[in-house]
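K.L.:
Below, each chain spelled out in residue letters.
Protein chains: 2
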Amino acid sequence: MKNYIVHNEWCIIEDGFHPEYNEITESLMSLGNGRMGGRGNFEEKYSGKTLQGSYVAGVWFPDKTRVGWWKNGYPNYFAKVLNACNWIGIDLEIEGELLDLSKCDVYDFRRVLNMFEGTLERSFVATLPSGKSIKINTLRFCSLKDDESGAIRFSITPLNFSSYAKLTVSLDGDVSNKDSNHGEKFWNEINKETGYSECYLTLETKKSIWESVPTFQVCTGMKFECYQHNELLSCQTFPIKKDKYVANEVKTLLKQNEETIIYKYAVNLSSENYSNENLLPEAKKYLDRIVAKGFNQMLEEQKQAWKTKWEGNDIQIDGDIAAQQGIRFNIFHLQQTYTGQDARLNIGPKGFTGEKYGGSTYWDTEAYCLPFYLSTSEQKVARNLLVYRHNHLQRAIENAVKLGFSGGAALYPMVTMNGEECHNEWEITFEEIHRNGAIAYAIFDYIRYTGDENYLNEYGLEVLIGISRFWAQRINWSSAQQKYVMLGVTGPNEYENNVNNNWYTNYLAVWCLKYTLEAIEKVKKDNFRFEDIIRITNFDETAETSRWKNIIKNMYFPYDTQREVFLQQDGFLDKELLTVNDIAEHRPINQKWSWDRILRSCFIKQADVLQGMYFFEDDFSIEELRRNFNFYEPMTVHESSLSPCVHVIQAAKLGKKDKAYEMYVRTARLDLDDYNNDTEDGLHITSMAGTWMSVVKGFGGLRVKADMLSFSPFLPEQWQSFSFRVGFRNNALKVAIQREHIAIENLSDSPISVLVEGNKVSIRGLDTVNIPH
Amino acid sequence: MKNYIVHNEWCIIEDGFHPEYNEITESLMSLGNGRMGGRGNFEEKYSGKTLQGSYVAGVWFPDKTRVGWWKNGYPNYFAKVLNACNWIGIDLEIEGELLDLSKCDVYDFRRVLNMFEGTLERSFVATLPSGKSIKINTLRFCSLKDDESGAIRFSITPLNFSSYAKLTVSLDGDVSNKDSNHGEKFWNEINKETGYSECYLTLETKKSIWESVPTFQVCTGMKFECYQHNELLSCQTFPIKKDKYVANEVKTLLKQNEETIIYKYAVNLSSENYSNENLLPEAKKYLDRIVAKGFNQMLEEQKQAWKTKWEGNDIQIDGDIAAQQGIRFNIFHLQQTYTGQDARLNIGPKGFTGEKYGGSTYWDTEAYCLPFYLSTSEQKVARNLLVYRHNHLQRAIENAVKLGFSGGAALYPMVTMNGEECHNEWEITFEEIHRNGAIAYAIFDYIRYTGDENYLNEYGLEVLIGISRFWAQRINWSSAQQKYVMLGVTGPNEYENNVNNNWYTNYLAVWCLKYTLEAIEKVKKDNFRFEDIIRITNFDETAETSRWKNIIKNMYFPYDTQREVFLQQDGFLDKELLTVNDIAEHRPINQKWSWDRILRSCFIKQADVLQGMYFFEDDFSIEELRRNFNFYEPMTVHESSLSPCVHVIQAAKLGKKDKAYEMYVRTARLDLDDYNNDTEDGLHITSMAGTWMSVVKGFGGLRVKADMLSFSPFLPEQWQSFSFRVGFRNNALKVAIQREHIAIENLSDSPISVLVEGNKVSIRGLDTVNIPH
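Heads up: the protein sequence lines correspond to chains A and B, in order. Throughout the first sequence, residue numbering follows our numbering, covering 1430 to 2202 in sequence. Throughout the second sequence, residue numbering follows our numbering, covering 1430 to 2202 in sequence.
You may find that some hints are simply not true.
Treat identical chains as interchangeable: a pair holds within one or across any two.
[What the hints assert, rightly or not] As a list, the in silico EDC-like pairs of lysine to aspartate or glutamate whose alpha-carbon atoms are at most 20 angstroms apart:
hint, residue 1, residue 2
1, K1532, E1640
2, K1912, D1999
3, K1500, E2068
4, K1714, D1576
5, K1595, E1526
6, K2085, E1887
7, K2021, E1827
8, K1493, D1608
9, K1532, D2102
10, K1831, E2014
11, K1500, D1608
12, K1785, E2046
13, K1912, E2005
14, K1431, D2102
15, K2134, D1874
16, K1493, E1613
17, K1912, D1989
These aren't lab readings, by the way, just hints derived from the structure by calculation.
Working from the sequences, and respecting the hints, build out all of it.
P.N.:
Below you can see the structure in the form of structure tokens.
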């Protein structure tokens, strides 16, 4: 755990340079706008510890897999988010000395991620080995408004000398992925050109042997301007071209105590959005447009765009500045990662902050991220997350065929870029199939929140039919038990592999079948696209639904009649039933125990039975929840960053305030304080949504009931008060939980009714209601 | 399946050149003598399909592992049998044309592995592109008598020309392993030198980062002589030195229709047997000695040595030449691979015939190979296989510690070279722990066969204690069942992973505990080394044995009370119970089904419950065996080459003659006919022992009962008769099974009693008894 980040309401602040933590700080201070982004790297050369990373959404490469022993059905490739052209480079050389913070004495260093405005600012004084001191101030952002562009203000002030300086303003595409499986580079150069203070570099991903994988082109362009005394300098620029690299060199006179400012504008256009032949001309147009707009105007727009976002999603915590900073940090990065403008994109586990884990889409999206976007963004954003999976339905069907299923059964991949599976551990890829259920659940969750029932007609039902067909084939009849069973699965608790009758997966599968049957009736009633869907899916309603009903009626669920708890899987009670208190010195077990010991232990990585009771809470009584929580939580080691949030929500519901807060603390500043010693690889983007859930669904008790928002809040003792903003259909609310009362402010014109502790409360437009508690 | 090998009693014959099958033929015609060996490659350059392979026993390299996702406890490296210096090279160039069969017209090609004599002969006429025709005849062997050497006779006769020719007689150490994980080469050159018609090349394996792994040096030396008209030529030789390569070039006049013969003698001395500084001088001495002896004398000794071997282990099958060839092929390769002279060596899955699978030692050694060597070789040979494991006991203890065990618990590795685990699939390495039991069983099996009870005192008990300690920790108490259980294992049927209570493993574990208790009593009674062993193992007899007894009394074994069969594992009956007839078009499932489908199916790769009933057959009634065989065999796909033999033995016992023969046929010519399309990678050496068992223990019904050999033979209808030779303690027997009677010949002086169909039969020295049946 690190503790060097200054606590502040709205900013992430590194005060004084911490070169030993630089890769961590780079992760924390990543910038993004949904389309492009990158780590908080320095503009100028830095020879110390750094992980240079710049990413363009939707652009990836099918890296060769690496396996110990090939298993039939393994995917062809492991998709990697691609480190792309580094567009921020501004090198400064003075009389043969290159500004490089690892070779200077550094004073007054301060790096600030301003989350309120969406900018990264850095200032310092560096003394070069020759004794020359320079003051540098940089400001950078990825524009939310013009989301294929970024801009930099780089200001230089010599403090104790005047001298000519050489500035090298570059685009560097000679980059590689740190996580490349076989040390390969993934880009080829297509074109580069440079003119007066502008450069363009077009790269293409290497041709893959897999037909299903396209090559991508990205054209990066940049222009820059130098100002002294608010006057644009007209300085000579020298072109520099190297392999996958293009730059302009500028010589200019820096005068003591006078500021020189470089404004650098950059665009990243990808072949996902432009034809290859248009990439370069469009990049030029785009650049001309933003340069004409100018840095200050772009900055104003950036501030305005973030202001609007915060109006819809801010959480305020009073009395705990660390918590305040933590939650805003999470909200900020979630909003940077996914803006919901493009249904082809999704939420990568590291967003634009690193490369680890490859792929872009896990079930994290449906199970953890969707609720955040439902409550904090316009409806389209969450809807696009669903449409993404609809667009991959055919690939999910092909994926199932590869594993021996047929008849339009769909198995969504565990990890994917384009709908194809790209993870290759058999126990995950082939067996962690509950992900399929989460995709169905997301449809339900979305409609419950938004009321957009038409989604079933337009997209949802086809996906549900494919998923239900998969379950119907994957489940088999056990003659011995005279019940339907599901063999050989891995549940959300990945500290078990290849188990029989994972309760969560069985429950989810049966729920999918039920929900699909309901959805069929609904779509039939709407009489809008039902015949089309029957035709497209080649659906044999009578035969298929009759099997589904049979399974629903006769499914087996492991249960302990003595303890009256659901059993995580068959045979769970044969384990030595310990609690985490019994193994204190062995934690984290994923570092201290061999894999087989973990597998045969009772210890649980993340909510499994409890994940099911969270999804389907209305199916269970509070006493059932209490029994299961009391049985499973003490065995849970929470070694997934996705684990604590579910437990916060359930502990809160059960009135276990201390437990709820304890769990919350584990996620709140996971990355900010580098709890797991891995922030340097990038941030845990999807688990940030879990932290948001902990506050809003856990402490706030937010649910949707009978088409209304419902709250059952409690205020952790450690806080004075907290408030959150959520949107719901056509309304926006600010819910403030004080010690004595709850204040709900209707931020919209139209009236709304909500439930507070089960009681209906009506609030007029722009009015606030206080409810004592 | 291929069918190009000529059927012959004693020889493996390729008649006419089959370049498309050359890699297969190279595997089939591999030569070895337990210390060194290599594939049936050509001496002269060949640019067609070939896998050049030369191997030195006990010399290996810890190649970097390759994994998809690292799991705690994985081994550090994957050990590779090393392709070593190619010592056979003799290149022939005539007027600028190199003899290369892929660029000549080839006539009268014949390649013959003479198994009776242990030689590889090749003859052909080649017409070079220029029209020159040459007749070549080569004879090569790896000497059994001088087992660090090999010799070649290479004869050249020009048929339609006379010309000067250039012969290049080489040692080529610039070789690499085909199965290198990261494309690296593993050898460094230490030294090379060359004198008049002799060369020496000393190579050393690259330094490994693992302290436990030594580097190996191998010095390869060669001398050669040219003869014309039986006269030694004194021809000028030119040295050629390249990186890791040294050769002599000789120019000599080849006269039309006159034979020139090159005798090439080579030695391979490794640092396993000589100090590094002595390698070269010893190689020179060794070479001098064999050259003085001369090719013909060496050849005579080779024939004699093989004659002696065959006298002890031949199997004759009358009326089925394909079967005759098949069984001798297996015996021949087993004897080439392991001679039992060195307890540091073991039986690699590919012997000296290829590289695949890495490592040298699997549980195949104990479960399949030991019985072969027990019956066909002097006692020391099998004993050395046991001592090998004793020597690795400390490593097995360290291996267990790595996985969280303590107190001297020993887990022998799944695959090893030096006692360290070097396989890294968690479901195998960590969970296929039944291998530990096979090592205990081998001690029992060895003592039962040889009567060498003193082995327990000298070596056996320490190993048994280590193994039993492992089981005692690995097994846990299930409160739910009030029984001891064993969770998370993989049985011999590797088409199941991570199952609970695999019946075979549970049974074997309990047997180990019982046998160790017996062994303790025995060693105590002998009062020879018991106190030493207690001290060395730090054995707390009371406490430890009391837990063992508890487990023995209260172990859980899955059982189906309805069918009255042992259950392969918990939950087996929840599967869809099909038979292989139901999935004819899906076979082999390991090629046609995805891994998860295989795992959740009922289909069995190789004997699992039945493996246990084979090991411990006296524990079960014939009716129990029948019920279990009838239940499991129909679900068995026999996709391991080790599967059919156990079923032959049991089918034979159950009087299922057709089934027994059907199973036998699946293994008999596995490599010879390239059933699995993988003979090109090398031969399935360990499964060859299974074929031997099929004939001797299956059709011959050989067992040891009450310190006597016991036979219950049956003659497959397809054969006229068959006989086999076995040794037993101080006797040697030839057992001939005719249609009407069994003839047992006592090949030794001293009398012996045997059981035939349960009846005691006494046979005087050198006498034969005929028993009607």
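K.L.:
Hint by hint, say whether it matches the structure.
P.N.:
Here is what the structure says about each hint:
no.: 1; hint: K1532 x E1640; verdict: neither (48 angstroms within a copy, 38 angstroms between copies)
no.: 2; hint: K1912 x D1999; verdict: both (14 angstroms within a copy, 16 angstroms between copies)
no.: 3; hint: K1500 x E2068; verdict: between (28 angstroms within a copy, 15 angstroms between copies)
no.: 4; hint: K1714 x D1576; verdict: within (14 angstroms within a copy, 79 angstroms between copies)
no.: 5; hint: K1595 x E1526; verdict: within (10 angstroms within a copy, 64 angstroms between copies)
no.: 6; hint: K2085 x E1887; verdict: neither (42 angstroms within a copy, 62 angstroms between copies)
no.: 7; hint: K2021 x E1827; verdict: between (39 angstroms within a copy, 16 angstroms between copies)
no.: 8; hint: K1493 x D1608; verdict: both (12 angstroms within a copy, 18 angstroms between copies)
no.: 9; hint: K1532 x D2102; verdict: neither (27 angstroms within a copy, 69 angstroms between copies)
no.: 10; hint: K1831 x E2014; verdict: between (44 angstroms within a copy, 17 angstroms between copies)
no.: 11; hint: K1500 x D1608; verdict: between (23 angstroms within a copy, 17 angstroms between copies)
no.: 12; hint: K1785 x E2046; verdict: neither (34 angstroms within a copy, 53 angstroms between copies)
no.: 13; hint: K1912 x E2005; verdict: between (28 angstroms within a copy, 12 angstroms between copies)
no.: 14; hint: K1431 x D2102; verdict: within (5 angstroms within a copy, 65 angstroms between copies)
no.: 15; hint: K2134 x D1874; verdict: within (12 angstroms within a copy, 70 angstroms between copies)
no.: 16; hint: K1493 x E1613; verdict: both (10 angstroms within a copy, 18 angstroms between copies)
no.: 17; hint: K1912 x D1989; verdict: both (17 angstroms within a copy, 17 angstroms between copies)
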